[in-house]
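2 protein chains.
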Amino acid sequence: MARTGRRPGDADTRGAILAAARSAFAEHGYHSATIRGIAGEAGVDPALVHHYFGTKEDLFGAAISLPLRPAEAAELALAGGMEAVGLNLTRLFFSIWENPASRDSLLALLRGAFTTEQAAQSLREFFQSSLMERIADQIQSSDAGLRVALVAAHLVGIAVLRYVVRFEALRRVSVDELVEAVAPRVQSYLTG
Amino acid sequence: MARTGRRPGDADTRGAILAAARSAFAEHGYHSATIRGIAGEAGVDPALVHHYFGTKEDLFGAAISLPLRPAEAAELALAGGMEAVGLNLTRLFFSIWENPASRDSLLALLRGAFTTEQAAQSLREFFQSSLMERIADQIQSSDAGLRVALVAAHLVGIAVLRYVVRFEALRRVSVDELVEAVAPRVQSYLTG
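Chain order of the listed sequences is G and C.
Note that the first sequence covers residues 1220 to 1411 in the numbering used here.
Note that the second sequence covers residues 1220 to 1411 in the numbering used here.
Be a bit skeptical, because a hint or two may be false.
As the list claims (entries may be wrong) - Restraint-style ranges between C-beta atoms, simulated for each label pair: (1) 1322/C with 1314/G: 30 to 40 Å; (2) 1253/C with 1253/G: 54 to 64 Å; (3) 1256/C with 1287/G: 41 to 51 Å; (4) 1273/G with 1356/C: 17 to 27 Å; (5) 1274/G with 1234/C: 47 to 57 Å; (6) 1295/G with 1234/C: 48 to 58 Å.
Just so you know, the hints here were simulated from the structure itself, not pulled from any lab data.
Remember, it's a predicted structure, so these values are computed and weren't measured experimentally.
Ideal placement from N, C-alpha and C gives every residue a C-beta, glycine not left out.
Generate the whole structure from the sequences, applying the supplied hints.
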């Protein structure tokens, strides 16, 4: 493969890979899309996709403008131990949603889920394997999966009513106030 | 106004009013749409709209296929007193969402909110005044509005992840299991 000058060539190539990734995830779902197929669509070697973006999970995260790798997000949420997971996960969630680029991408992803089953499938497959299972693995409970899903539901619901439907009571509060109100309920689902 | 035979005429007229209502709420928002305007659009007298559907609130409820009047929904949620509001509100919410006609309408309403500000406005204006304020009025707390909005967020979030994104952990549980897990958190927001 011909190598081009570093800076502009890199940016173009990265953009082509991200565009191919978005289209592949939308068309095939997260689990069925492959790095090889995405590389082919972008006209690059699969190794270059890994070189730029890491794993498929990292590539999906980059395609939806997550400001950190999914594994790092799970680590951050769990870094303070299970007694602080409610606080750390809630803080992390809103820090991502308050970032305009991430918010726009997450809203587009949710909007897509209302429209096509393939988009809904990508969304659930990605968040299930990248974040929810990593947290559920730390919970000593037979219904760990349900507990984590109810936490996800609570946080996503706040995002929908704060950023989309825009209920006044949820728009006017700061992230700190939200975290203070919500973190104890998140904690009680995960360790209560 | 010419009166037609009761049965088919009634059904046609009701249908015309509902169609005019849906279009008026979508175009002007809930608060700005008027019974007079809707009646004009449907080619009937405003008194007939009141006769068939009651208040504007009831008409909006009918337009989105709610199986009961909003005031009745609030009454049902509050009927057991504030110590049972978590359980009664959560049960009521899922009994409405498990009704296919209501669910389709509510999903269409939410999908619309992702697409146009007018749809988001109608949604927040209607639920704010028909349900959330009635419940907030029963809470002795300076942040009653936020508490009720967080409850709404939690319930809506479960609906989005159970019926749209369809996370396995939320799809496979029964409504009774959901209510058992969620009602205590709803209760703690409202009276905790």
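Task: Which numbered hints fail - done: The structure conflicts with hint 4 only, although it agrees with all the remaining ones.
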